[in-house]
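Undergrad: Each chain, letter by letter, is given below.
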Amino acid sequence: MNRRFFLGAAAACAAPFLGGATTTIDFGDGEGRASLLIAGSDEFHPYAVRLVAGFAEIEPTIDTLVETGGTDPGLLALRRGAIDIALSSRELKPSEDDKATRATLVARDAIALVVHPGNPVRNLDGAKAVALLRGEFTDWSDVGGVSGDVRLYRRKAATGTQKALEKLVLDHAEPAPTARTVESGVEMREAVGRDRLAFGFLALHDVTPAVKVLDVNGIPLGRPTILSGRYPYARSFFLVTRGEPDGAVGKFLSYATSRRGQSLLAGLGLIPVR
Amino acid sequence: MMTIRSWCVLALVSFALVGGAARADDASVHIMGSNSLLPAAQRVAEAYMTRHPDVIVVVRGGDSGPGLKALLDGTTDVAMISSAIPAATTKRAKALSVTLSARTVALDALVPIVHRDNEVSDLTVEQLGRLFGGAVSDWSALGVPAAAVTLVSPPAGSGTAAAWRAAVLDGGVQTPKARQVASARMKAAVAADPSAIGYLGLGAVDGSVKAVAVDGVTAGRGTLLDGTYPLRREMALVTRDDASPAVMGFVAFFASAEARAAVEEAGLLPAGRKE
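Heads up: the sequence lines are chains D and G, in that order. Using this note's numbering, the first residue of the first sequence is number 1, and each one after it goes up by one. Using this note's numbering, the first residue of the second sequence is number 1, and each one after it goes up by one.
No lab work stands behind these hints, which were simulated from the structure alone. Take these hints with a grain of salt, some might be off.
Result set (DSS-like, lysine-lysine): computed pairs, CA atoms no more than 30 Å apart in a straight line [claimed, not checked]:
#1 D:K128 x G:K94
#2 D:K167 x D:K156
#3 G:K210 x D:K99
#4 D:K99 x G:K94
#5 D:K99 x D:K128
Just chain D, with the same shape it has in the complex:
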């Protein structure tokens, strides 16, 4: 694949939506300009977009494009040399991790299961959490709580937090259709904080003492258990490259793992790993 062509074509498609924003970007073969193609995980993508924006501020001569498409196609495109960096939201399989492949961990993320602070339940094992979210358990006494109908809350299907829940907790099983949909993490927190029978979930950065965070399989949610990998409902984001990272690839990896790049990701609610 002709990289220059791909970059130019993608930019041409994006231009009408971006309007004036693209006018300062020179996609010609201007002297001294470098290009960087990044693609992969849909889960990682929204964060990668912000990382690329931060990178552009300090490296204005590198034209960077970041696309979705999924972890598997991203890794394949990387192996074929069609892109420079693949976004992965999981560990590589042994078959993908050949000698030239390098997977650089840039952040972790976790989902908190939350209830009203007055709910006596403190811990759920994974199977019970799934049964609650799927609507198979409908009473708090099914999981050792005080009898009362469980009221489920959820986010819209397209949101990152809802998708993370369905992948990490539900393992892609269908959530119960009875759940009430809330518009944001803040709204979820407020709803669960008001409702003694509520069962909801939050991205880590939306957690406050207004809600009670449940332990999972006896493991409390916290920075140490997420970094150690013991808390089960966590995911890892990797930048995957091939060969010795030099030029624009090396600069982007350094930025993503630098204090500046890491604080940017922390500001978006992820857990820094450097």
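Could you slot chain G onto chain D? The hints should help.
TA: Just chain G, lined up with the frame of chain D:
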């Protein structure tokens, strides 16, 4: 007054300096590798971060082989291994002008496991070698009712598999008939098949399968410590000679009483008993 103010300014400046240093890029430690050592490392990492809130310790599994590969390509700072460093790794490190050093942190027994209904309760190292080398393929050759043996083994990149080859096959080749399953699924695979035999580290064995004694000795803390149990291995942390002080600090922490307790809690025996 003046003195106090100067002191305050000094204190502020040094606070800023210390704060800056503590949050520098090298205040993170990435450790990755052996799934057998993973539960112990996770507990030690959590204890370390509780003591040093400014240090980030990230722990990942993925087996010994991928851990060493990540150490060489610079995507991890510490590799966890549950068998000796392979010659190929040492050679690759030399080509990259990197010196690796290993510190043994735990001892473990390799335990043969069978289905709970299997009548076999004791095998010799030699019998295990004939089974996993492919010379014996029916249980009747070992004095139990006839049935084709299902050999189950962890993936080739696993340190458990490498340590088993070293201890049971004397470094020889395991028969390709062995079915490879992820370490995490080993117990389920053996529990589901009455004619299966597999192997695990001592910390991972539970009542869902039957542990087989080796040369008449049952694996346990006592027999591991007194050296009578024959199938043992050392688990180590491997670092590069260019490791940061933060990395060396974390590795050194494994010798502390707190870390040793965490290693024991994970079912392993801490190495290097204190006198």
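Undergrad: Does each hint hold? Answer for all of them.
TA: Hints and how they fare:
no., hint, in the structure
1, D:K128 x G:K94, "51 Å, violated"
2, D:K167 x D:K156, "15 Å, holds"
3, G:K210 x D:K99, "38 Å, violated"
4, D:K99 x G:K94, "16 Å, holds"
5, D:K99 x D:K128, "41 Å, violated"
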